[in-house]
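Per my numbering, the very first residue in the sequence shown carries number 503; after that it's consecutive.
Just so you know, these hints were derived from the structure itself, not from any lab. Among the clues, some could well be false.
[Said to hold, decoys possible] Straight line, CA to CA, 30 Å or less: simulated DSS-like cross-link-like pairs of lysine-lysine:
{"hint": "1", "residue 1": "K908", "residue 2": "K788"}
{"hint": "2", "residue 1": "K788", "residue 2": "K526"}
{"hint": "3", "residue 1": "K532", "residue 2": "K788"}
{"hint": "4", "residue 1": "K532", "residue 2": "K908"}
{"hint": "5", "residue 1": "K526", "residue 2": "K825"}
[Said to hold, decoys possible] With beta-carbon atoms standing in for the labels, derived distance ranges:
{"hint": "6", "residue 1": "Q773", "residue 2": "G600", "range": "40 to 48 Å"}
{"hint": "7", "residue 1": "P565", "residue 2": "I659", "range": "42 to 50 Å"}
{"hint": "8", "residue 1": "L885", "residue 2": "K526", "range": "16 to 24 Å"}
{"hint": "9", "residue 1": "A530", "residue 2": "N727", "range": "17 to 25 Å"}
{"hint": "10", "residue 1": "G546", "residue 2": "R566", "range": "22 to 30 Å"}
{"hint": "11", "residue 1": "P557", "residue 2": "Y745", "range": "43 to 51 Å"}
{"hint": "12", "residue 1": "E870", "residue 2": "G600", "range": "54 to 62 Å"}
{"hint": "13", "residue 1": "T633", "residue 2": "Q599", "range": "22 to 30 Å"}
{"hint": "14", "residue 1": "D545", "residue 2": "G898", "range": "47 to 55 Å"}
{"hint": "15", "residue 1": "K823", "residue 2": "K568", "range": "47 to 55 Å"}
{"hint": "16", "residue 1": "R570", "residue 2": "N765", "range": "34 to 42 Å"}
{"hint": "17", "residue 1": "G898", "residue 2": "Q599", "range": "33 to 41 Å"}
{"hint": "18", "residue 1": "N765", "residue 2": "L885", "range": "44 to 52 Å"}
{"hint": "19", "residue 1": "T712", "residue 2": "P777", "range": "28 to 36 Å"}
Nothing here was measured: the structure is a model prediction, and the numbers come from that model. For each residue, glycine too, the CB sits at the ideal point set by N, CA and C.
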Amino acid sequence: MRRVVVTGMSGVSALGHTWDEIKKNMQAGKTGTRHMPEWVDIDGMNTELGAPIAPLDLAGRWPRKKTRSMGPVALYSVYATEKALEMAGLTGDPVLQGGRTGVAYGSSFGSPEPMKEFADLLFKRSLRKITATSYIRMMSHTTAVNIGLFLGITGRIIPSSTACTSGSLAIGYATESIRAGIQDVMVAGGAEEICPSMASVFDALYATSTKNKEPSRTPRPFDANRDGLVIGEGAATLILEEYEHAKKRGAPIFAEVIGFGTNTDGNHVTQPSAPTMEMALQLALKDANLSPEDIGFISGHGTATEFGDIAESIATNAVFKDKTPFHSLKSYFGHTLGACGSLEAWLGIEMMRDQWFAPTINLEKVDERCAPLDHIMTEPRSLEVNTIMSNNFAFGGINTSLIFKKA
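Based on the provided sequences and hints, a complete structural model is requested.
As structure tokens, then:
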């Protein structure tokens, strides 16, 4: 089976747009959660919290002809991809247009703004606001398509619009495409833009945090005093490449994708199932031909919701007991939905390379209903590990687990 390596990685987030900037903010104990005054007047909305990306000026970066079909979520994706390709040394490389490069990318939704244009059609019987790009900006595969168009990619496109597993599923499916010999290079990742419509989904389920006057104190994954999730936004792209292809061109190699597992609960549309979550972790270990003892660190999903945290802890404990260091990055960035799987994979690889792992911020007292895990809390931990596992779980009972090996 062909080996798959990571030769480039980049992203945009609430704590910055480079690893150095993000790490510096983490070391300072900062989070991206802030009060959203623009949501205060929404009737019935309980949460007023979000984690928007740090300031990013993309105005004039590309010609209008290139961006007219892009809403913010696609712009974030293209920017992250452009930076990742620079890191990989593939900017302008003919391999991108040669049919041996593909795109696997996802988001929960496209850009929500064009929904207003279609609402005028449905409720005001008017097409005046609908443009030639309204649907393109809104469609669930807008990130994958716009990346492909921007770069002239002619290989396969794999849109992964699977809510909170969009980014991780994209990385897994991209890995399988390279392993199978279908592609040599894959652009893989996920993105999301913040919108009250996203928060409302969870608000209606009473799953959002309402610590509206204490934004820096929430979300609190696995904590006894957590009160729900915070919606965030961001994007991250990994450039995946067949090992021999990367080696031949002298590409930098940051990590290797050695395990991928995914399945579905087949049980409940919003309530996770610990047994099938556990199975996904076991599938990734089997794919990597590793035992639980071989994993040096686990990046958990950690939504800071009751059902999610408890089920995830039970599933993780069933495989690893409380022997493997564990954290949740959503405590810093909020729940970035379609972006979280790729953001957490990117930052997990960076932490493995630096031998420095951030604590789950705001985790002070673990909920006794959660199964015991080796939580990194209060202080960061220096760990020299060669493998990490990154797990994500989504509405619809979609479970993913990725294993990366240090290069």
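Status of the hints after comparison with the structure:
For the hint linking K908 to K788, the alpha-carbon distance of about 18 Å falls within 30 Å, and the restraint holds. Restraint check: the Cα-Cα separation between K788 and K526 comes to about 36 Å, which exceeds 30 Å; the hinted pair is violated. The hinted pair formed by K532 and K788 fails the criterion: a straight-line CA distance of about 37 Å is larger than 30 Å. A C-alpha spacing of about 27 Å is found between K532 and K908, which places the hinted pair at or below 30 Å, so the restraint holds.
For a cut-off of 30 Å, the pair hint linking K526 to K825 stands: about 28 Å separates their Cα positions. A beta carbon spacing of about 45 Å between Q773 and G600 agrees with the range 40 to 48 Å that was offered as a hint. Checked against the hint of 42 to 50 Å, the pair P565 and I659 fails, with Cβ atoms roughly 23 Å apart. In this structure the supplied range 16 to 24 Å holds for L885 paired with K526, their Cβ-Cβ distance being about 19 Å.
For the hinted restraint 17 to 25 Å between A530 and N727, the CB-CB distance of approximately 23 Å keeps it satisfied. Range check, G546 to R566: about 38 Å between beta-carbon atoms, so the 22 to 30 Å window is missed. Here the CB-CB span from P557 to Y745 is close to 38 Å, at odds with the stated 43 to 51 Å. Between E870 and G600, the C-beta spacing of about 56 Å keeps the proposed range 54 to 62 Å intact.
Between T633 and Q599 the CB atoms are about 28 Å apart, so this pair conforms to the stated range of 22 to 30 Å. Against the hinted window of 47 to 55 Å, the Cβ-Cβ separation of D545 and G898 comes to about 29 Å, which falls outside the hint. Distance hint for K823 and K568: a CB-CB separation of about 51 Å, consistent with the stated range 47 to 55 Å. In this structure the supplied range 34 to 42 Å holds for R570 paired with N765, their Cβ-Cβ distance being about 39 Å.
Distance hint for G898 and Q599: a CB-CB separation of about 35 Å, consistent with the stated range 33 to 41 Å. Between N765 and L885, the C-beta spacing of about 29 Å breaks the proposed range 44 to 52 Å. Between T712 and P777 the C-beta distance comes to about 31 Å, which sits within the given range of 28 to 36 Å.
In this structure, the hints that do not hold are numbers 2, 3, 7, 10, 11, 14 and 18, in rising order.
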